[in-house]
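Going down the list, the sequences are from chains H and W. Oh and the first sequence: position 293 is 295 in this note's numbering, straight run, nothing missing. Oh and the second sequence: position 42 is 44 in this note's numbering, straight run, nothing missing.
Quick caveat, the hints were computed from the structure, so don't treat them as lab data. Please read these numbers as outputs of a predicted model, since none were measured by experiment. Just to be clear, a hint being listed does not mean it is correct.
Pairs involving identical chains hold if they fit within one copy or between any two copies, as the list cannot separate such chains.
Pairs of lysine-lysine, DSSO-like flavour, derived with a Cα cap of 30 angstroms [stated by the list, open to error]: (1) K292 to K310; (2) K169 to K310; (3) K301 to K172; (4) K310 to K7; (5) K292 to K69; (6) K169 to K276; (7) K169 to K275; (8) K292 to K49; (9) K310 to K37; (10) K37 to K112; (11) K7 to K275.
Chain residues, written in single-letter form:
Number of protein chains: 2
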Amino acid sequence: MERLKGVLDPEIGRSIVDLNMVRDITVDNGNVTVKIALTVAHCPLAKTLQTDVENAVRKPGDVESVKVETTTMTRRELEELRLRLQTASTASSTQKDGLAVGPGIERLGKRGIRSIIAIISGKGGVGKSFVTSVLASELKKRGYEVGVLDADLTGPSIAKVLGVTGKPYKGAGGGIVPLRTTSGIKVMSINLVLEDPSMPVIWRGPIVNSVIRQLYWDVDWGDLHYLLVDLPPGTSDAPLTVFQSLPLDGVIVVSSPQDLASMIVSKSVNMAKKMNAPILGLVENMSYLKCPSCGDMMKLFGEPRGEKLALSQGVPFLGAVPLDPAIARLSDEGRIEEYSSPIIASIADELRARAAKQADQLAQALPIAWSMEPSS
Amino acid sequence: MERLKGVLDPEIGRSIVDLNMVRDITVDNGNVTVKIALTVAHCPLAKTLQTDVENAVRKPGDVESVKVETTTMTRRELEELRLRLQTASTASSTQKDGLAVGPGIERLGKRGIRSIIAIISGKGGVGKSFVTSVLASELKKRGYEVGVLDADLTGPSIAKVLGVTGKPYKGAGGGIVPLRTTSGIKVMSINLVLEDPSMPVIWRGPIVNSVIRQLYWDVDWGDLHYLLVDLPPGTSDAPLTVFQSLPLDGVIVVSSPQDLASMIVSKSVNMAKKMNAPILGLVENMSYLKCPSCGDMMKLFGEPRGEKLALSQGVPFLGAVPLDPAIARLSDEGRIEEYSSPIIASIADELRARAAKQADQLAQALPIAWSMEPSS
Numbered sequence: 003m004e005r006l007k008g009v010l011d012p013e014i015g016r017s018i019v020d021l022n023m024v025r026d027i028t029v030d031n032g033n034v035t036v037k038i039a040l041t042v043a044h045c046p047l048a049k050t051l052q053t054d055v056e057n058a059v060r061k062p063g064d065v066e067s068v069k070v071e072t073t074t075m076t077r078r079e080l081e082e083l084r085l086r087l088q089t090a091s092t093a094s095s096t097q098k099d100g101l102a103v104g105p106g107i108e109r110l111g112k113r114g115i116r117s118i119i120a121i122i123s124g125k126g127g128v129g130k131s132f133v134t135s136v137l138a139s140e141l142k143k144r145g146y147e148v149g150v151l152d153a154d155l156t157g158p159s160i161a162k163v164l165g166v167t168g169k170p171y172k173g174a175g176g177g178i179v180p181l182r183t184t185s186g187i188k189v190m191s192i193n194l195v196l197e198d199p200s201m202p203v204i205w206r207g208p209i210v211n212s213v214i215r216q217l218y219w220d221v222d223w224g225d226l227h228y229l230l231v232d233l234p235p236g237t238s239d240a241p242l243t244v245f246q247s248l249p250l251d252g253v254i255v256v257s258s259p260q261d262l263a264s265m266i267v268s269k270s271v272n273m274a275k276k277m278n279a280p281i282l283g284l285v286e287n288m289s290y291l292k293c294p295s296c297g298d299m300m301k302l303f304g305e306p307r308g309e310k311l312a313l314s315q316g317v318p319f320l321g322a323v324p325l326d327p328a329i330a331r332l333s334d335e336g337r338i339e340e341y342s343s344p345i346i347a348s349i350a351d352e353l354r355a356r357a358a359k360q361a362d363q364l365a366q367a368l369p370i371a372w373s374m375e376p377s378s
Numbered sequence: 003m004e005r006l007k008g009v010l011d012p013e014i015g016r017s018i019v020d021l022n023m024v025r026d027i028t029v030d031n032g033n034v035t036v037k038i039a040l041t042v043a044h045c046p047l048a049k050t051l052q053t054d055v056e057n058a059v060r061k062p063g064d065v066e067s068v069k070v071e072t073t074t075m076t077r078r079e080l081e082e083l084r085l086r087l088q089t090a091s092t093a094s095s096t097q098k099d100g101l102a103v104g105p106g107i108e109r110l111g112k113r114g115i116r117s118i119i120a121i122i123s124g125k126g127g128v129g130k131s132f133v134t135s136v137l138a139s140e141l142k143k144r145g146y147e148v149g150v151l152d153a154d155l156t157g158p159s160i161a162k163v164l165g166v167t168g169k170p171y172k173g174a175g176g177g178i179v180p181l182r183t184t185s186g187i188k189v190m191s192i193n194l195v196l197e198d199p200s201m202p203v204i205w206r207g208p209i210v211n212s213v214i215r216q217l218y219w220d221v222d223w224g225d226l227h228y229l230l231v232d233l234p235p236g237t238s239d240a241p242l243t244v245f246q247s248l249p250l251d252g253v254i255v256v257s258s259p260q261d262l263a264s265m266i267v268s269k270s271v272n273m274a275k276k277m278n279a280p281i282l283g284l285v286e287n288m289s290y291l292k293c294p295s296c297g298d299m300m301k302l303f304g305e306p307r308g309e310k311l312a313l314s315q316g317v318p319f320l321g322a323v324p325l326d327p328a329i330a331r332l333s334d335e336g337r338i339e340e341y342s343s344p345i346i347a348s349i350a351d352e353l354r355a356r357a358a359k360q361a362d363q364l365a366q367a368l369p370i371a372w373s374m375e376p377s378s
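With the hints as constraints, model all of the structure from the sequences given.
Structure follows, in structure tokens:
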């Protein structure tokens with residue numbers, strides 16, 4: 003029971019012991035069985051919770067095997083939990099909504115979205131869309147409801163790498179219904195709206211800005227644990243609009259090992275600082291390449307310097323992702339969800355841990371997973 | 003003499019035979035000596051002309067060695083030539099100047115600049131700045147006066163890769179004097195003006211647009227054979243301003259082998275078409291990589307598809323440039339001028355050939371080389 007105290011409910015962010023979810027523990031010669039009461043029967047986060055429990059209880063030479071059994075809370079237990087959560091949460095929820103940040107630029111609200119994370123870089127071609135889409139699928143694998151907003155109107159990649167085609171339509175509520183990937187990630191990109199994806203949108207700033215706001219506000223994102231926003235390169239209109247209009251919870255910076263990239267990425271980091279956006283950390287992409295023939299490690303774009311760059315900018319370093327020819331292939335085939343990156347998986351875990359610390363998560367609404375339909 | 007007819011003066015674009023520059027031909031058993039009268043004593047284009055003459059005259063089994071001797075035209079000969087050129091040219095020069103393209107957007111004039119070439123791609127990180135800077139140095143090697151305008155205000159790379167530091171100052175004529183690289187290329191970039199190159203310019207479109215116009219118009223570029231303009235990614239404000247404000251003579255499109263890149267590059271090509279900018283062709287960058295250890299050829303970003311892309315867009319294919327770790331290193335060290343790329347060298351020759359075909363070159367002014375000071 004002591005070991006289980008550290009296990010947090012993947013959504014509520016509280017100890018499962020405190021939440022009264024641990025119902026039974028049986029110890030039989032180093033073989034432990036734990037019975038957990040889930041909040042809802044088909045909770046998509048159940049698997050993540052099971053793995054967390056296993057990892058917490060197992061200890062070589064002490065506990066050799068862990069079996070996790072699940073049951074479901076009764077309606078009465080659920081009501082009790084709901085009451086307890088609502089009392090515990092301070093009413094600080096709507097604080098961020100409707101915050102004016104400048105003349106004529108109103109910060110939009112969060113509605114049913116828990117965390118909005120922007121992926122920025124300043125420089126183009128360093129792999130923002132790759133990080134965004136793989137991070138989205140890592141979060142989805144853990145059972146979270148995830149959406150991706152492609153804020154790069156002039157160079158939209160998200161729909162293609164995630165293999166989404168078709169036209170979004172207007173739902174019953176009047177909002178635009180985003181399309182879903184095979185794994186269920188909600189996607190909205192300007193390329194889904196264009197008749198021909200090779201046609202450019204030759205728009206000046208004011209139109210770009212209003213369309214970005216529409217892609218966020220006029221889309222019926224529904225309840226989401228995470229909305230990832232893929233930003234275009236640069237520090238002009240489009241990124242500025244995202245920083246000013248969207249209630250961002252965090253920013254992930256993507257860099258590449260070139261000194262040149264570092265300089266331009268620094269501009270982006272400094273922009274985020276100026277805009278008071280919390281920077282979650284920096285990930286270096288294309289750090290090295292392993293030759294498929296001889297296995298030799300190549301530093302194509304120079305010595306990895308992500309850690310140094312992160313240090314000099316005073317932001318956490320999230321890791322170095324190697325260049326892999328499979329990335330280009332899977333992106334071109336719209337199958338990037340099949341790609342696994344241990345570094346990006348750890349960023350997903352980092353986001354989970356962070357969200358758990360944010361007590362005001364609870365203030366917003368009841369857990370999203372409670373209202374989610376079983377995925378199949 | 004017949005073979006020399008095809009040799010064009012590298013600046014005037016007319017046959018050196020017609021220009022009365024061939025003064026003597028001596029043939030001695032397959033060894034030929036050609037005497038050429040240069041327009042000015044220290045003509046920086048002399049070497050290019052000498053090479054052209056050698057290549058035209060030499061034929062294995064016929065002419066084994068070619069010696070090119072040079073002399074200088076007398077003042078009277080020069081006056082005669084000048085008169086002949088001015089009569090031949092039709093007075094169509096100022097046609098392009100002051101062309102209004104939209105309300106409030108006036109197309110700027112060309113002043114002393116012969117050819118303005120924009121390097122575009124739509125997608126970031128495919129190597130626009132690399133192509134721009136290497137093309138500039140290839141043209142400079144051939145003796146031309148070259149300038150580079152970095153129109154990427156939010157991600158300026160040009161000053162760094164060309165190793166230019168220092169602050170531009172106001173010249174006697176009131177214009178800003180661009181800085182020069184070691185080989186003499188004139189450079190103007192926003193990063194040369196910023197106090198700290200890691201600080202972002204967080205500007206919305208209208209400011210971006212007016213600064214791009216200033217970098218062109220308020221800078222004293224002087225007489226140039228070529229001004230290369232490095233564009234930012236995207237199809238929004240900055241590229242739009244360059245297309246609308248600058249009297250472009252041509253556009254070079256840079257792509258990378260990813261299918262994803264092709265889609266976004268197509269947007270850029272379609273933008274150039276909509277803006278009636280003549281597209282000189284498409285160059286594919288990072289087409290393949292040779293492993294430095296085992297020599298294996300890798301297609302990092304997928305199968306090269308530049309030629310197919312160019313064909314589908316109806317633009318000439320200029321060639322495929324391999325990925326080379328030396329590029330990142332030299333760029334980071336500001337020594338990209340030392341890099342040689344046969345493909346980009348051939349693009350430089352293509353530009354020469356094109357310029358030679360444009361008869362209205364002559365109409366603008368007298369050859370720039372005539373007024374250039376010897377470089378050392």
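Quiz item: Of the hints given before, which are not true for this structure?
Solution: 3, 4, 5, 8, 9, 10 and 11
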